[in-house]
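**Q** So the sequence lines, in the order shown, correspond to chains A and B.
Residue numbering for the first sequence follows this note's numbering, beginning at 1 and increasing consecutively.
Residue numbering for the second sequence follows this note's numbering, beginning at 1 and increasing consecutively.
By construction, these hints were calculated from the structure, which means they are not laboratory data.
Note that the coordinates shown come from a computational prediction; the quantities given were computed from them, not determined experimentally.
The calculated DSSO-like cross-link candidates involving lysine-lysine, where the alpha carbons are at most 27 Å apart (straight line), are:
1. B:Lys125 to A:Lys10
2. A:Lys71 to A:Lys37
3. A:Lys49 to B:Lys62
4. A:Lys56 to B:Lys62
Now the in silico label distances, taken between C-beta atoms and shown as ranges:
5. A:Thr32 to B:Pro191: 26 to 36 Å
6. B:Gly137 to A:Gly33: 16 to 26 Å
7. A:Asn55 to B:Met1: 16 to 26 Å
8. B:Ile87 to A:Gly16: 24 to 34 Å
9. A:Glu34 to B:Phe28: 47 to 57 Å
We put the beta carbon where it would ideally sit given N, CA and C, even for glycine.
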Amino acid sequence: MRECLACGGKYEPVQGNMRYFHVCPPLVDPDTGEETKRPGHRDENLDGKHTFVDNKLTSDVKIKAEGKGYKEI
Amino acid sequence: MLFLNGTIEDMSFYQAPSSDRLENLSTFDPGVGWILSVMVHAEPAEPVRGTTYAVVRLFDSKANTHTVELVASYVTGAHHSAWPDGIFEGPTDGNGLIRIVTGTDPAVGNALFEFPPENTRWKLKGMRFSYTTSALGVARLVRITFNAGTGAFQTSPANGTQAPGTIRTYFLAWWGEAPTAGITDIFLMIPPETILDEFYIIASSVESGLSGDDFNAPLLYVEEWLDI
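Work out the full structure: start from the sequences and follow the hints.
**A** Listed below in structure tokens is the structure:
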């Protein structure tokens with residue numbers, strides 16, 4: 001179990017061999033309803049692809065937003 | 001593979017795909033000759049439908065272009081992708097993977113906020129979560145909204161309100177006859193066939209909600225496809 005250090009959300013990063021990609025909820029202005037990313041916003045989704053040439057891997061995969069990170073709980 | 005010297009040989013190429021829903025691109029040089037058949041299968045794992053999608057194309061390295069697509073389908077423990085006589089399908093065709101996803105348990109005062117992951121398509125079939133209200137304020141009305149980044153395009157209010165100082169469990173299902181809200185259970189209805197990709201957000205909003213209110217981790221009942 002992880003706890004996001006930006007939003008305080010708790011989540012299981014792997015569920016039944018499937019990965020879960022946490023994203024912080026935005027901050028919502030109570031008067032206007034306008035949404036903004038919170039400071040340290042974390043988005044665990046990945047960008048990029050894995051490329052194998054003759055079984056040699058090159059990869060440009062990276063997390064979308066590391067933000068404040070997380071801690072194991 | 002039939003080679004120019006008349007011999008026929010079986011050839012195997014291996015690749016360990018990543019488990020992050022990202023594309024794994026491999027190139028193999030089979031030599032010069034005629035391809036008689038191609039099969040893609042998984043070992044030792046037996047993946048279920050919706051998790052492992054294979055495409056095999058011939059690539060002309062001189063012209064730097066793909067020429068023929070031989071295989072395009074999900075690979076499972078029960079189905080090997082093959083050419084000729086295989087099945088051609090896109091990654092979002094047919095039935096997907098049925099699964100329950102446990103979302104993030106938000107900190108007190110925060111909203112529910114869930115996305116289909118990158119390169120994923122979800123058909124949301126149901127959802128369950130609990131909501132605890134602080135003893136302050138007036139009755140709350142919980143909504144689930146669907147948002148594509150340009151404001152909510154669909155909102156589903158609960159069919160009952162929740163008093164301060166209580167815990168209620170909410171069940172979300174496709175439109176139909178909503179059960180009467182009970183002492184502990186409240187229902188929300190969404191349009192059938194609610195299809196969401198990685199740009200769609202499932203979020204909560206609460207009328208008269210207060211900062212001391214608390215959602216637990218939602219369970220999302222989804223049909224899932226790779227969307228690549």
